[in-house]
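The listed protein sequences derive, respectively, from chains S and D.
Residue numbering for the first sequence follows our numbering, starting at 1 and increasing by one per position.
Residue numbering for the second sequence follows our numbering, starting at 235 and increasing by one per position.
These are calculated hints, taken from the structure and not from any lab test.
Any given hint might turn out to be false.
Said to hold, decoys possible - Label pairs and their computed distance ranges (CB to CB):
| id | chain 1 | residue 1 | chain 2 | residue 2 | range |
| --- | --- | --- | --- | --- | --- |
| 1 | S | 25 | D | 266 | 50 to 58 Å |
| 2 | S | 21 | D | 326 | 50 to 58 Å |
| 3 | D | 310 | S | 132 | 36 to 44 Å |
As the list claims (entries may be wrong) - Listing some non-contacts, in silico: residues in chain S with all C-beta distances to chain D over 10 Å:
| id | residue |
| --- | --- |
| 4 | 123 |
| 5 | 141 |
| 6 | 148 |
| 7 | 181 |
Stated by the list, open to error - Derived pair list, reagent style DSS-like, types lysine-lysine, alpha-carbon separation capped at 30 Å:
| id | chain 1 | residue 1 | chain 2 | residue 2 |
| --- | --- | --- | --- | --- |
| 8 | D | 243 | S | 100 |
| 9 | D | 294 | S | 100 |
| 10 | S | 231 | S | 129 |
All C-beta atoms in this analysis are idealised placements derived from N, C-alpha and C, irrespective of residue type, glycine included.
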Amino acid sequence: MLSDSPIAVEEHGPELLHHFANAEQQRDAASLGMWLFLATEVMFFGGMFCAYLIYRYWYYNEFAAGSRSLDIYLGTINTAVLICSSLTVALGVRAAQMGKRKLLVILLLLTIVFGFAFLGIKGVEWYNKYKEHHIPGPSFNVDDLVRDYPQIHIDPRHEQIYFSLYFAMTGLHALHMIIGVGIFAFLTFYAWKGRYTPKYYTPVELGGLYWHFVDIVWIYLFPLLYLIDRKPLR
Amino acid sequence: MSVHIMSTKFYYTIWIALLCLTVVTAAVSFVDLGPFNTIVALVIATIKALLVVLFFMHVKYTSEKLTKIVIVSAIFWLFLLLALSMADYATRLLS
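This is chain D alone, in the form it adopts within the complex:
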């Protein structure tokens, strides 16, 4: 991993974007979008998480491929845990 020093302006931009998205997600929750309320909230949360991981945690600028494999694996395991659990519960008839 080569050391990559970003400008303070860059960090402030990410910070402002994160704050704006926080206000947007709180405000949108009061608008009736039907089932899309949850989807919008999760999409905004994921964009925020991506901003933090890629720029604050420097994943975008690290040349270490192993780090990226670890991150993708972690997300994949989490996906397996949630998706396979729900595949059971969502298709089970409750007596």
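The following block holds chain S by itself, in its conformation from the complex:
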């Protein structure tokens, strides 16, 4: 390239497609697109949080009793698992920035392991709910809650709304986790092939943004579903 060239033209490659002026502009555009997608995801989950808020306001007793019936230990452990996965993602993006290929692959794999651990624990919780007949449907039964919490007035129809929201919200979150694991499997494969360099690691960064977002959704789901009312009953 001539030193007196009026417009600096960089080498083209995956880090610089022909319609971008430079790599930084391309990275900014990709990042902005991802944040816009995450904004639509906020609205997607927002509809569910809104339904939750309205029914919790109407049927607080049933929400409190349903919340008590969830396993707070498994819920707390799962929150910790997701936080650990967010750490491995953040460290993975850092490894990509520094061009440490081996470390990046290990951290991406660790993230997938944490993702499966979360889904496994979630599956155990859902199975427990199945055994307790707490899944909305024909076999739905909350006689156990009515017996365990005589201080709380429980209408089984309203209790079913709590559990419907519980399964819809944790189910939608789990679906996002499954997609996240798929994205990270893809990233791991290409990281192992050496596609990501300090000049070009945008897919790792954007996959990381998605994973952190799903973590944040859980950070809110945990107190809203598990911790509604845990104080000792009078």
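Dock chain D against the given chain S, drawing on the hints supplied.
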């Protein structure tokens, strides 16, 4: 957005803070604070979310103002959705 590489120690600090807040929020839920139980749980959740957004998602160090506008807009839309819906339901007399 200029590339800003943080130290591993920095990420570990955020991670420890997030884990501590998780244990605190689970433990506090067993203490009877009246209506403040919900408020404390949501404040802790918001602090955790802020830690993730600002430091793990690098929003604090990005120079892109557009990104910040998108984030603030998303939160504002969510606020509109929740606040205006509740303004209806909370002031409606149930027959």
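Hint check:
With their beta carbons about 55 Å apart, residue 25 (chain S) and residue 266 (chain D) fall inside the hinted range of 50 to 58 Å. Our hint of 50 to 58 Å for residue 21 (chain S) and residue 326 (chain D) holds, since their Cβ atoms are close to 55 Å apart. Taking the beta carbon of each, residue 310 (chain D) and residue 132 (chain S) are about 40 Å apart, inside 36 to 44 Å as hinted. Non-interface call for residue 123 (chain S) relative to chain D: holds, since the shortest CB-CB distance, roughly 21 Å, exceeds 10 Å.
For residue 141 (chain S), the shortest C-beta to C-beta distance to chain D comes to about 26 Å, beyond the 10 Å cut-off, and the non-interface label holds. Every beta carbon of chain D lies more than 10 Å from that of residue 148 (chain S), the smallest distance being close to 17 Å; the non-interface claim holds. No Cβ of chain D comes within 10 Å of the Cβ of residue 181 (chain S); the nearest lies about 18 Å off, and the non-interface call holds. Between the alpha carbons of residue 243 (chain D) and residue 100 (chain S) the distance comes to roughly 17 Å, so the proposed pair stays at or under 30 Å and holds.
Proposed proximity of residue 294 (chain D) and residue 100 (chain S) is supported: the alpha carbons are some 24 Å apart, at most 30 Å. For the proposed pair residue 231 (chain S) and residue 129 (chain S), the alpha carbon gap of about 22 Å is at most 30 Å, so the pair holds.
The structure fails none of the hints (numbered hints given earlier).
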